[in-house]
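So the sequence lines, in the order shown, correspond to chains G and R.
Residue numbers for the first sequence, in my numbering: 991 to 1423.
Residue numbers for the second sequence, in my numbering: 991 to 1423.
Some hints here could point you the wrong way.
The list that follows gives simulated cross-link-like pairs (lysine-lysine, DSSO-like), each with its CA atoms no further than 30 Å apart [to be verified]:
#1 K1083/G to K1145/G
#2 K1415/G to K1006/R
#3 K1085/R to K1038/G
#4 K1415/R to K1027/G
#5 K996/R to K1006/R
#6 K1415/G to K1038/R
#7 K1158/R to K1085/R
#8 K1405/G to K1038/R
#9 K1415/R to K1083/R
#10 K1006/G to K1415/R
To give a feel for the contact side, a few chain G residues facing chain R, derived at Cβ under 7 Å [to be verified]:
#11 Y1035
#12 D1065
#13 E1099
Calculated directly from the structure, the hints in this document are not laboratory data.
A virtual CB, placed ideally from N, CA and C, is assigned to each residue, including glycine.
Each chain is listed here by its residues.
Number of protein chains: 2
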Amino acid sequence: MSILIKNGLIITQNAKHEILKGDVYIEDDTITQLSEKPLRVEADYKIKAEGGWVLPGLINTHTHIPMTLLRGYADDMPLKRWLEECIWPVEAKLKPDHIKAGTRLGLLEMISSGTTSYLDMYFYEDIIGEVTMHAGVRGFLGFPLIDFDTPEYRKDYMIKGCESFIKKWRSNSIITPLVAPHSAYTCSPETLREAFELSERYDTLLHTHCSETREEVYDVEQRYGARPVEHLKKHGLLSHRMILAHCGWITKNEILDMKLGFVSVSHCPVSNMKIATGGYAPLPELLEADVPVGLGTDGAASNNTLDMFETMKFCALMHKHHRWDPTILPAQMVLDLATRDGARCLRMEDKLGSLEEGKKADVIIIDSRNARFTPLHDPVSHIVYAARGSDVSHVIVNGKPLMMDYEFLTMDHDKIIADAERYAKDLVGSNTD
Amino acid sequence: MSILIKNGLIITQNAKHEILKGDVYIEDDTITQLSEKPLRVEADYKIKAEGGWVLPGLINTHTHIPMTLLRGYADDMPLKRWLEECIWPVEAKLKPDHIKAGTRLGLLEMISSGTTSYLDMYFYEDIIGEVTMHAGVRGFLGFPLIDFDTPEYRKDYMIKGCESFIKKWRSNSIITPLVAPHSAYTCSPETLREAFELSERYDTLLHTHCSETREEVYDVEQRYGARPVEHLKKHGLLSHRMILAHCGWITKNEILDMKLGFVSVSHCPVSNMKIATGGYAPLPELLEADVPVGLGTDGAASNNTLDMFETMKFCALMHKHHRWDPTILPAQMVLDLATRDGARCLRMEDKLGSLEEGKKADVIIIDSRNARFTPLHDPVSHIVYAARGSDVSHVIVNGKPLMMDYEFLTMDHDKIIADAERYAKDLVGSNTD
Chain G
991 MSILIKNGLI ITQNAKHEIL KGDVYIEDDT ITQLSEKPLR VEADYKIKAE
1041 GGWVLPGLIN THTHIPMTLL RGYADDMPLK RWLEECIWPV EAKLKPDHIK
1091 AGTRLGLLEM ISSGTTSYLD MYFYEDIIGE VTMHAGVRGF LGFPLIDFDT
1141 PEYRKDYMIK GCESFIKKWR SNSIITPLVA PHSAYTCSPE TLREAFELSE
1191 RYDTLLHTHC SETREEVYDV EQRYGARPVE HLKKHGLLSH RMILAHCGWI
1241 TKNEILDMKL GFVSVSHCPV SNMKIATGGY APLPELLEAD VPVGLGTDGA
1291 ASNNTLDMFE TMKFCALMHK HHRWDPTILP AQMVLDLATR DGARCLRMED
1341 KLGSLEEGKK ADVIIIDSRN ARFTPLHDPV SHIVYAARGS DVSHVIVNGK
1391 PLMMDYEFLT MDHDKIIADA ERYAKDLVGS NTD
Chain R
991 MSILIKNGLI ITQNAKHEIL KGDVYIEDDT ITQLSEKPLR VEADYKIKAE
1041 GGWVLPGLIN THTHIPMTLL RGYADDMPLK RWLEECIWPV EAKLKPDHIK
1091 AGTRLGLLEM ISSGTTSYLD MYFYEDIIGE VTMHAGVRGF LGFPLIDFDT
1141 PEYRKDYMIK GCESFIKKWR SNSIITPLVA PHSAYTCSPE TLREAFELSE
1191 RYDTLLHTHC SETREEVYDV EQRYGARPVE HLKKHGLLSH RMILAHCGWI
1241 TKNEILDMKL GFVSVSHCPV SNMKIATGGY APLPELLEAD VPVGLGTDGA
1291 ASNNTLDMFE TMKFCALMHK HHRWDPTILP AQMVLDLATR DGARCLRMED
1341 KLGSLEEGKK ADVIIIDSRN ARFTPLHDPV SHIVYAARGS DVSHVIVNGK
1391 PLMMDYEFLT MDHDKIIADA ERYAKDLVGS NTD
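Could you build all of it, start to finish, from the sequences and the hints given here?
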């Protein structure tokens, strides 16, 4: 298949941050030409961008996609009560059909808001893989390991399940399996080490929650005599495979350990603020230490969207305000976090995160004819400070069009919304009936 | 004129926060019927809401509307350099045509994002009044007083200009003139007192910036031996007429003065965070003291949108995170700030801010068929945590339809965008040519 995008303003996100006016040509799964001169080539799809902004697809480095079913179900509650009274009892009732409905809903939202790759961690990740592959979104799917039985697996079978999961998916073109021990406070050191061994054996990424809340840091310190990052280091989990989600309560010493361990960080500002963790992942220091940092939405139950444009704006503003310094996290740096740096976290910097010849064709187009994007002093400013996911008109993943002029090509919008409504009610009922 | 809205989910925002399924009937400028039974009446316009959420229009209590022309022109800079090198030199070049173009752009953005009332303060407020009246948006327009010459007035003529402005507009049905001394650090005590006298003589509101930055508080203390709120109190400006913008750096004693003075506050979380003032208007304490608090976007140069939905989410999350408490500023309270409480700030609580029979017909409809609003556990949660301005499909102000099914009825979208682009270039040039 081939796609020709005509007359775009191409925000390449290459190392020089070049912005070109021109055409993009995609053949099969690859960007084969970027040109400031009009390309005269045949293509199965021709898209007239007409000044629209052509960008690399956004990369969401931390979510729990089926939790879309719990969007708006329980807000504004203390974390412990929220988890113990609302989230966990509902999660215990999850069946494969709920997972399918919630995943489809999340994929619909991600496609419609320009996210082309996502890093997930949830029960039934194999079902999430099937649904994601069908929708055509690039999934980095973390099989969860945790020291209690889940709706899907008895504890004793998890490692085996994880191994089967990896074997099933490791040759897939858009689904990448990985190992996701839930956290240092829910996994024993032994489970953590088993997770690491699996990731080594099959050469996969690792993903875990780390230092999201003060309570977590306190618990891990009490139990193991070390802060979470130190604890992970002690058990060998700080490696180039590891992406740590949150890191809101880490120290300078931990940043040094993270740098020396070559780990990456997924920063989730909206979720952290809504749950009110009070923590601020120290982005200036992490970036100074050259620790790769990507952005994540976290699950929709604590955000309540999967909109990476919103996450970019929250990221920029949260850190400026916290440090009393409007110059930190400038727009270009934040757009990098959501694209180039996200790809680096996933060890995909040679394939994803920018529009360059030879890279995978994960491309989105923003319709720029909008009062919010007027006047056009600087498109990167508008992308970070004024855009919403709803401004995305076209989405291409791995060379395949998933949304063209706001129309979904791989998903049935109305059916997905109706099904999600039905399965959410089946889980928890609804206030408005 | 009459308008019938059928089959909406009516988020009344009345004192009981009732949510009804049914119809809304508007005659001339007034809501005359809300009914859970289908209304069988004639109407000039019939809107099939079909489950869409019908809400009172949002109230933006602080902006500088022509600054839309500077959206994205200069971001991520230290405040002083931003003002002195980028904003003020450009503002000095402002001509009426720039004001018209920027105001039209801002109105287009406000209509498209469901804002039906706004409180403004800028040069050439009379031109802003003409353009706003023509667009049909409800404007509370503050004639600025400041102790130096502006592009519009020599200092000596300002009070006279303000008086003419008030006389011209005070009987208008949708434009309400008011007196806007810029701030305690740019207005002498004498100017402040003159502003107050004018507002008393003509029974208008007063609007000023107050305690936005630490530098401002320090300057006022150095010059007058009092913090800004104390200083305003000393000169008689704390009254039921006064709406103070920002209040990010105030003390408990100042809150007591504000309560006893019956002033209102316009809280602008997005602008405060982007400019990185570091201050947090102490909303829990202000609301506890029953000080009316509304939300504002501030100008587009420091936001960079006029989207009140975004401002609601930032408001909720900013305070939760700052106080380490997810229970504060729950969704319903934040929606109140943007509607009922905004009306209270403007002393319009008997006419605006909720959908009730006898109130002015400022009504918006949100298209609820959206992945982000699925599932529907709680519409108020979705409005605050998941909606964007771009979800608004219909806008009615004072009984007049301004946007129907995303089509503008009083504004020429393409021409406004082209003009804004042209006049912005005329002011500052553009990076992308």
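Hints versus structure:
With a C-alpha separation of about 17 Å, the suggested pair K1083/G and K1145/G falls inside the 30 Å cut-off, and the hint holds. The hinted pair formed by K1415/G and K1006/R meets the criterion: a straight-line CA distance of about 26 Å does not exceed 30 Å. Between K1085/R and K1038/G the alpha-carbon distance is near 37 Å, which puts this suggested pair outside the 30 Å criterion. For a cut-off of 30 Å, the pair hint linking K1415/R to K1027/G stands: about 26 Å separates their Cα positions.
Distance restraint check for K996/R and K1006/R: the Cα-Cα separation of roughly 22 Å lies within the 30 Å cut-off, and the hinted pair is therefore satisfied. Distance restraint check for K1415/G and K1038/R: the Cα-Cα separation of roughly 26 Å lies within the 30 Å cut-off, and the hinted pair is therefore satisfied. Between K1158/R and K1085/R the alpha-carbon distance is near 21 Å, which keeps this suggested pair within the 30 Å criterion. Distance hint between K1405/G and K1038/R is fulfilled; the C-alpha atoms sit about 22 Å from each other, no more than 30 Å.
Between K1415/R and K1083/R the alpha-carbon distance is near 12 Å, which keeps this suggested pair within the 30 Å criterion. Restraint check for K1006/G and K1415/R: the C-alpha separation of about 26 Å stays at or below 30 Å, so the hint holds. With its C-beta approaching chain R no nearer than about 24 Å, Y1035/G sits outside the 7 Å limit, and its interface hint is violated. Hint status for D1065/G: holds, given a least beta-carbon distance of 5 Å to chain R, under 7 Å.
This hint holds: E1099/G has a C-beta 4 Å from the nearest C-beta of chain R, less than the 7 Å allowed.
Consistency note: the structure conflicts with the earlier hints numbered 3, 11.
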